[in-house]
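These protein sequences, in sequence, are chains Y and R. Number 13 in the numbering used here belongs to position 13 of the first sequence; there are no gaps in the numbering. Number 211 in the numbering used here belongs to position 211 of the second sequence; there are no gaps in the numbering.
FYI, nobody ran anything at the bench for these hints, they're computed from the structure. Any given hint might turn out to be false.
Unchecked claim - Taking beta-carbon pairs under 7 Å as the criterion, some of the chain R residues facing chain Y (in silico): (1) 3; (2) 161; (3) 162; (4) 199; (5) 203.
All C-beta atoms in this analysis are idealised placements derived from N, C-alpha and C, irrespective of residue type, glycine included.
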Amino acid sequence: MNYLQLVSILAAALTVSVGAIGPALAEGRAVAAAMDAIARQPESAATLSRTLFVGLAMIETMAIYCLVIALLVLFANPFVH
Amino acid sequence: MMSPLQAVPLFHLGPMPITGAVVTTWALMAVLTGGSWATTRRLSLEPGGVQAVLELLIEAINTQIRETMRTEPARFLPLIGTLLFYLVSANLLSLIPGLEPPTAKLETDGALALIVFGAVHWYGIRMQGLRGYLREFARPTWIMLPLNVLAEFTRTFSMMVRLFGNIMAGVFIVGIVLSLAGLFVPIPLMALDMLTGVVQAYIFSVLAMVFIGAAIGNHDTT
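Bound conformation, chain Y alone (with noise of 0.2 Å):
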């Protein structure tokens, strides 16, 4: 195992811990300022979790770009082999 590949490795966990953090806090708000609506108007619930649904996959996307990204330093590295 090479210094390139180790370097690679320690990449791929960073990219996917520090970029779950943000995510996961964004997701934390969505969800607590949904619930906050909900509370104030049950009536409109349905609209409101349909919105939070889409809402939090959008977020939920961006750990997904640095999972994508951790996978490409894992695996289709230009500069190992």
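Got chain Y; can you put chain R on it based on the hints?
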């Protein structure tokens, strides 16, 4: 371990390599087309069970298009409905043993995103004329022109990576857990994958609706 970014050709059709995802897509297209033909062949005024379910689905998609794009849905239903039906069935395909969702390969998602990219400009030019459509890019001021042009490409790219990443991550994680833990352990993860697959299909279609709606000049929707 097999890279999730790599596609292995199954056989060659002339000079063209054909991968498993393409064969799965062909089969899915045949099933969807045949199923639609078989169920719409004998439509009646008093719908039976299958026809009632289909009418319910189509009506739900129509309502969604009307709410998102604020226009009559008849012109957009074929594209959006096909996208939605195809994506839902493709994303749930990993429930059948031995099959892999074709959307877990980057090429399928790239093709779908390119279809939406083409449809946005096609509908934009059709509805607003070439001059009116090109003027949209210089909105609100002409300084935004490079950014607007850039956004056309980045949002298509992000649609592709979003769908690919979500579906591929599901397949990949189920594979890892299966190889680490054993036969029935990944079942909760597969249940989560079903939810992700349906939500991602919905989001892809909603984004297509929003982009097309913006291109045909309904500014209040975006």
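Going down the list of hints, with the structure as the test:
Evaluation of the residue 3(R) hint against chain Y yields a held restraint, the C-beta minimum of about 4 Å falling below 7 Å. About 6 Å separates the beta-carbon of residue 161(R) from the nearest beta-carbon of chain Y, less than 7 Å, and the hint is met. Contact between residue 162(R) and chain Y, as hinted, is supported at the beta carbon level, the nearest pair being about 5 Å apart and thus within 7 Å. Annotation: residue 199(R) was flagged as interfacial toward chain Y, and the flag holds, the nearest CB pair being 5 Å apart, inside 7 Å.
Because the closest C-beta pair between residue 203(R) and chain Y is about 5 Å apart, less than 7 Å, the hint holds.
The structure agrees with every numbered hint stated previously.
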